[in-house]
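All chains, please: the whole structure from these sequences, using the hints.
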Amino acid sequence: MPLPSDTRSGRAEIISIFGALCLFLSAIEYLIPKPMPFFRLGLANLPLLLGLRFLSPVDLLLVLLLKVLGQGLVNGTLASYVFLFSFAGSAASLAAMSLVYRLGRNSVSLIGVSLFGAMASSLVQLVLAVTFIFGSAAKLMAPFSLGSGLITGLLVGWFAQVFAERSEWLAAVEARYRDEAAPKGGGEAP
Amino acid sequence: MRRTLRRRRKDFIGLHVSASLRFWAAAAALPPFFFIESLVFKSALTALFAVLAVCAGKRIRWGYFAVLLFSIVFFHLLIPVGRVLAEIGPLRITDGALKSGLMRGVTLIGMVFLSVAAVRPELELPGRFGGLLGRTFFHFESLLEWRGAIDRKDFFGSLDRLLMERLNPNAPADRAAGGERSGGEADCDSADGRQRDAGISSEPDMRGGPAGSGRLSGAVRGRFFAAAFTVLVWGLWLVSLWPPLTGNG
Amino acid sequence: MRHLKTLDYLIFLLALSAVAASAAWSSSDRSGEAMVEVEAAGQKYVLPLSVDTDLVLEGPVGKTVLEIHDGVAAVTHSDCRDNICVAAGGISHSSEWIACLPNRVFIRITGGKSSEGGADAVAF
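Protein chains in written order, with my numbering: chain A, 2 to 191; chain B, 851 to 1099; chain C, -19 to 104.
Keep in mind that the hints are not guaranteed to be accurate.
[Said to hold, decoys possible] Calculated lysine-lysine pairs in the DSS-like style (CA-CA distance at most 27 Å, straight line):
hint: 1; chain 1: B; residue 1: 949; chain 2: C; residue 2: 43
hint: 2; chain 1: C; residue 1: 24; chain 2: B; residue 2: 949
hint: 3; chain 1: C; residue 1: 24; chain 2: C; residue 2: 43
Hints in this document: simulated from the structure, not taken from any laboratory. Only a predicted model underlies this, so the values are computations on that prediction, with no experimental measurement involved.
This is the structure we're talking about:
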């Protein structure tokens, strides 16, 4: 079931709502002053973290695509290396987060999951930056890049943990999503 | 605040060229831009792309790109290649490293300018995924409309209330009849936020697509502009291959 | 923190060691790469030994051609009479040098491994 057949179905609606939340949070993020020019908090990853608990892998991937393509369209960077960087970083992060979340089920919190994802994302982006932008001398930046990944990973994970525990909205969305998936056995898509 | 005082900018390109046409024209111009090996030609094209981005109503943050270019050149200089032009302490500035750093920086920045000039939120992606993205933008706009509800002191509480009110999939579907896509406003505000990252922000006050009146002639003019642009970039690449130019370049 | 669980601490340690490893990696082998340094008629050139290049140097006598190929730097042609520099063959280790005195060209290798460790590499 690659895509929901009806873009207004409950499942599709929830996916697009998660995508919209990614875009909204990245808009909010840039109202916060940055300590360094290339520093990024990565608030836009919050919905992916929140979705890990109940969204299917396919749907998580769809949220990821909506996030990076949406950002590319809004910023206009879709046809440039910025898009590739953001796609590679987000994909690495999602893969790492899914892995550790599935393996660690009850022995890991969203803080650890987020940290692991942020480190994966920083590592991939560092490798890309060294190969495509700055050249091998940019390995001087490695500790800064990974160090900022560590800090932002912890912060965003903490936000996600707090939000997941308190949010009424998330509980409502999760209930609705499980409702959609359970009785029909996921038979809505072709 | 600077943002509120800033003059609204118009997307002049959007008056003539549709969102998809300008995207494909830029995509067609990208390969020759990459192929050009002359720093002068590439810089000239990057300047042209910057002008186009400004014409598209985007505000380019020159400082950001200056820092980017400087750091790219700096990291290239750390590995000396070629003739030593100057020595600043332990740093030897070599012509080869300087040239390859400038080349890399100009290429990347030119690509961003071109992309920013060409990509509009109204750009339709095909298929069901395109529809899903349309819904995403619809919800995004409705969130942005109410972003004033976000309280800095109680960020998550206020966000939760906003989401409960605006994006609750269990709520009666009174708002669900909204359009599939209307990127204009979304771009307007989100731009202020998100585009800072790429050093770009914009406040376009237009709707996507060519102007409604005189539609036919407008469409023809748009195609002419797009074709002329693509031919220009390919032509510049061919000219840059001319031996007398490559010899000293 | 009441949220934190065992795997969280493990991931934190992993992340911390990744940062530490990257710091060690970035500060280590700064002068690791072997470079070919050339002085010719007042001009200086620096070239990485690992990248194949040809360089034509102009001196008072004429041209001296330096070729870097497969990690070996050698003078393949020189307009000077005795051609000692061409006869000197290739150099590939730190502090090895080639000079072409009539044409005032001096070529040496800095950084990288010194020749004591692997003399067999230039055994030909």
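Here's how the hints hold up against the structure:
no. : hint           : result
1   : B:949 <-> C:43 : 25 Å, holds
2   : C:24 <-> B:949 : 17 Å, holds
3   : C:24 <-> C:43  : 16 Å, holds
Of the numbered hints listed earlier, not one is contradicted by the structure.
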